[in-house]
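Letter by letter, the chains look like this.
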Amino acid sequence: MNKKGSEEIALSYIVYTILLIVFAVGMFAVVNNYRNGGAVWEDFYAKEIVKMIDNARVGDELYIDVQTATEIARGNQIPLSSIFSFNNVKNEVCVKLATRKGCYSYFNEVDVIPDSDFVLTAASGKYVNVLHLNITEVQKKEVVQ
Amino acid sequence: MNRKGDTGNQLISLTYIFLMVLIAFGITAGIFIFFGAEYQFKQVDSDSLNLKVVNCLRENPVDDGLFKDFYSKCGINKDVVGNYSKIKICVGSENCAGEESDKVKFVVGSDFQSCEFLGVGGNNNFAKCTKNVVEFKGSSYQIVTGSNQILRRVG
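Top to bottom, those sequences are chains A and B.
Residue numbering for the first sequence follows the working numbering, beginning at 363 and increasing consecutively.
Residue numbering for the second sequence follows the working numbering, beginning at 12 and increasing consecutively.
In short, the hints are calculated from the structure, not lab data.
Heads up, some of the hints might be wrong.
Stated by the list, open to error - Some chain A residues close to chain B (C-beta under 8 Å, calculated; not the full set):
# : residue
1 : Tyr-378
2 : Gly-388
3 : Asp-405
4 : Tyr-425
5 : Arg-436
6 : Lys-463
7 : Phe-469
Model, not experiment: these values are computed from the prediction.
Backbone N, C-alpha and C fix where the C-beta goes; we use that ideal spot for every residue, glycine too.
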């Protein structure tokens, strides 16, 4: 019985299967990042928050309606506590609404101290989640929410 | 090793890989076409930076000391501006973006000439710039800022 030929065929099938798995995983990662519009809203929230921080002064308090972000995160099984993170060492805001997170830097030399929980505020007859940020003097302490 | 007749197998492998690349390209292109380009923010970023610089010049005595200690006096992060933005401040200049004489009081970043390109407005690959002219104590200061920052995907 010729076993050499069947081994070669089996090997080629293994290589094809591995290639197929790598391909499928890669495609899943790309598509999954856009599930429920997560990647698009990440982009929007990161940049809008940076705009507010760049135009803020020390002592300001920012209240940002993040209801849509929390709904998308819940749909994508992202814990609410890991949606927004603020790195005062790198002056960076990161938003995670899907598998990966999107980060954007602010040039304003301030520190951002977020509340540990969202504030529930009534707006237009319904309650929405609001992110509360305190703008403080630079201490360069990393804060991650 | 007997390699006779292997060319056919290798050709089939190439076809297989080519098909996968084609499908991957199709799916990725479809996603990006459907969801569109990223949220345009470079111009807003540049405008905010310009406003910050103008306010700084208004709130501080404009002299060499200010430009030597520009970042701490203006409350601007040096690393962020160095990596993603650019600032050029000229005094008594008609065209600060193209100025190279001693009229340039402060500069960080490069390629200010691209701010003058006509096609930049419609091409988001270029930095977006903001120009502003302010008068202080009889001198005309031209401030050019630009931003080329895009969202970084991590994790």
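Quick rundown of the hints versus the structure:
| no. | hint | verdict |
| --- | --- | --- |
| 1 | Tyr-378 | 6 Å, holds |
| 2 | Gly-388 | 7 Å, holds |
| 3 | Asp-405 | 5 Å, holds |
| 4 | Tyr-425 | 19 Å, violated |
| 5 | Arg-436 | 19 Å, violated |
| 6 | Lys-463 | 5 Å, holds |
| 7 | Phe-469 | 5 Å, holds |
Hints 4 and 5 from the list above are not met by this structure, while the remaining hints are.
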